[in-house]
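As they're listed, the protein sequences go chains A and B. Here my numbering runs 1 ahead of the position in the first sequence, where the first position is 1. Here my numbering runs 193 ahead of the position in the second sequence, where the first position is 1.
It is possible that some hints are incorrect.
Listing some non-contacts, in silico: residues in chain B with all C-beta distances to chain A over 12 Å [said to hold, decoys possible]:
#1 E221
#2 Q232
#3 L272
#4 E282
#5 A288
#6 E337
#7 D358
In silico DSBU-like cross-links for lysine-lysine, where the CA-CA straight-line distance does not exceed 35 Å [what the hints assert, rightly or not]:
#8 K149/A to K273/A
#9 K330/B to K21/A
#10 K250/B to K355/B
#11 K21/A to K327/B
#12 K136/A to K330/B
#13 K149/A to K266/B
#14 K355/B to K21/A
#15 K266/B to K136/A
#16 K330/B to K149/A
#17 K273/A to K250/B
#18 K17/A to K250/B
#19 K250/B to K21/A
#20 K330/B to K14/A
#21 K220/A to K247/B
#22 K149/A to K136/A
#23 K273/A to K330/B
#24 K17/A to K247/B
#25 K355/B to K273/A
#26 K266/B to K17/A
Bear in mind the hints are in silico, worked out from the structure with no lab data behind them. The beta-carbon is built from N, C-alpha and C at its ideal position, and this holds for glycine as well.
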Amino acid sequence: MTAPSACALIQPKEYKSGVKPVWCPGCGDFGVLGSITKALSGLQIRPENAAIISGIGCSSRMPTYLSTYGFHGVHGRALALATGLKVARPDLTVIATGGDGDGFSIGGNHFMHTCRRNPDMTYIVMDNQVYGMTKGQASPTTEPNWEKGKLTPGGTGINPFQPLVIALASGANFIARCSSADSNGTARVIMEAIRHPGFSLVQILSPCVTFRPEQREWKNMLIPAPVVATSDPAQAARRLLTDEGLFTGILYVGNRPAYQPTLEASIDDVAKLDEEFQL
Amino acid sequence: MSDSINNPARTIGSTEELLAYSLALETEAVERFNDLADQMETHHNYEVADLFRKLAKIEGLHIENVNQAATGKQLPSLLAWEFEWDDGESPEGGAMQDAHYLMQPWHAIELAMQGEKRAVAFFRHVAETTSDDKVLKMALELVEEEEEHVALLQQWQERFPKPDDGWDEDLDPPAMLE
Chain A
2 MTAPSACALI
12 QPKEYKSGVK
22 PVWCPGCGDF
32 GVLGSITKAL
42 SGLQIRPENA
52 AIISGIGCSS
62 RMPTYLSTYG
72 FHGVHGRALA
82 LATGLKVARP
92 DLTVIATGGD
102 GDGFSIGGNH
112 FMHTCRRNPD
122 MTYIVMDNQV
132 YGMTKGQASP
142 TTEPNWEKGK
152 LTPGGTGINP
162 FQPLVIALAS
172 GANFIARCSS
182 ADSNGTARVI
192 MEAIRHPGFS
202 LVQILSPCVT
212 FRPEQREWKN
222 MLIPAPVVAT
232 SDPAQAARRL
242 LTDEGLFTGI
252 LYVGNRPAYQ
262 PTLEASIDDV
272 AKLDEEFQL
Chain B
194 MSDSINNPAR
204 TIGSTEELLA
214 YSLALETEAV
224 ERFNDLADQM
234 ETHHNYEVAD
244 LFRKLAKIEG
254 LHIENVNQAA
264 TGKQLPSLLA
274 WEFEWDDGES
284 PEGGAMQDAH
294 YLMQPWHAIE
304 LAMQGEKRAV
314 AFFRHVAETT
324 SDDKVLKMAL
334 ELVEEEEEHV
344 ALLQQWQERF
354 PKPDDGWDED
364 LDPPAMLE
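The whole structure should be built from the sequences, with the hints applied where relevant.
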């Protein structure tokens, strides 16, 4: 590093759009925004060579706050949009962002099948175990005894969705868990996720300070995983099923080839299809 | 609000390296205070927004001082996560989670002061662990500078009464549970 004025590198702040986030002060998503900008800067990806795709929810506002290309899409459909973009423009760095409700409930089926398909992109899920934008309902990752949701007095009583286990079983090629309170560490993991071929899932525990204020304590509870990442799915499964969701770091690094169909054949097919609709 | 000690995981061996750390620390502080000012403006807490903006300007002056000290030196090029802060975040860069839309000037100054105290602890640790005389001299100067900031913030804070418990209670919350 030299003095900033003499530095030609793209600095993290240059990836910010200048639009002020409307998130609640204290929200973990601010830290994730910082991590994404640091990761993009670490890789020196030009803003016009990256696209951030999202669905609906507080964390899905992310494309607005970045100077890359972006698409704030339909609820739960970030991965479908992102996969289409990556297939059409394999040269772009494609990152999908969103929350636990958007990704694992409304978009749950897309999540599983994107893991299975394994396109070369990164999915950043800011998990706060609640629907924040709609004022605090239980989400797929909410613990069964959380009683403060008005729609679920007494708690949901059902097991929370295990995104990392599902991702592993479905074929994701890179799986990590991070904390929004560790902005620099999360940036490093996001950079590794982008670098790794295939579908990378980065679950970031990102407190909702409005509806889950007790999550402020996460920063004191999460601990770096005491083991290095494994490429053995069976070993990864054992770890993920027993870590109680508190270990952070890169947990699984697979070696499946990424999904990237050739486009020429598809274009011919579309042209032929179009002929059938000629009047 | 957190006041944990923030030390580097290893010793600093050259003034160039120390300046790189110092530059990163001050740069993160400017960005953090500007982010907090933006948050407060968005939530119509203009008094605290102005205070954070002022703090960002002051930290910006510190960047100029570091840049002056770095003139003619080639600082090591480190990515954000390559700085070996003890808990991963620079001393004055963290604490975003301590923000609240109803926070008052006292809280803003407290947040800033805790960051300055972590910076004092950081540079003191550098001074105590280095074997390089130039690094020791520079680290002690930085300790003195950061201690001045703490003293200044303490004076500022005395102008504002400590808010009573329940300061964050909003009788007309913007996001009430339905």
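Would the pair K273/A and K250/B pass a check requiring their Cα atoms to be no farther apart than 35 Å?
-> At roughly 62 Å apart (the allowed maximum being 35 Å), K250/B and K273/A break the hint.
35 Å Cα cutoff - pair K330/B, K149/A | violated (55 Å)
Within a Cα-Cα threshold of 35 Å, do K220/A and K247/B meet the stated pairing?
-> Distance of about 28 Å is within 35 Å: holds.
Restraint check for K17/A with K250/B, where alpha carbons must lie at most 35 Å apart = The hint holds at about 20 Å.
Holds or violated: K149/A with K266/B, Cα cutoff 35 Å?
-> Since the Cα atoms of K149/A and K266/B sit roughly 57 Å apart, the hinted pair is violated (cutoff 35 Å).
Holds or violated: K330/B to K21/A, with C-alpha atoms at most 35 Å apart | violated (41 Å)
Decide if the proposed pair is consistent with the structure: K17/A and K247/B, CA atoms, cutoff 35 Å inclusive.
-> holds (21 Å)
Against chain A, does E221/B hold up as non-interface, every C-beta pair farther apart than 12 Å?
-> Nearest chain A Cβ is 9 Å from E221/B, so the label is violated.
For the pair supplied as a hint, K266/B and K136/A, confirm whether the alpha-carbon distance does not exceed 35 Å.
-> Distance of about 53 Å is beyond 35 Å: violated.
Hey, K149/A versus K273/A, does the alpha-carbon distance stay inside 35 Å?
-> At roughly 55 Å apart (the allowed maximum being 35 Å), K273/A and K149/A break the hint.
Given pair status - K330/B, K136/A, alpha carbons within 35 Å | Outside the cut-off at roughly 54 Å; violated.
Was A288/B rightly flagged as not at the interface, with every chain A Cβ beyond 12 Å?
-> violated (10 Å)
Going down the numbered hints, you'll see the structure goes against 1, 2, 3, 4, 5, 8, 9, 11, 12, 13, 15, 16, 17, 23 and 25, while the others check out.
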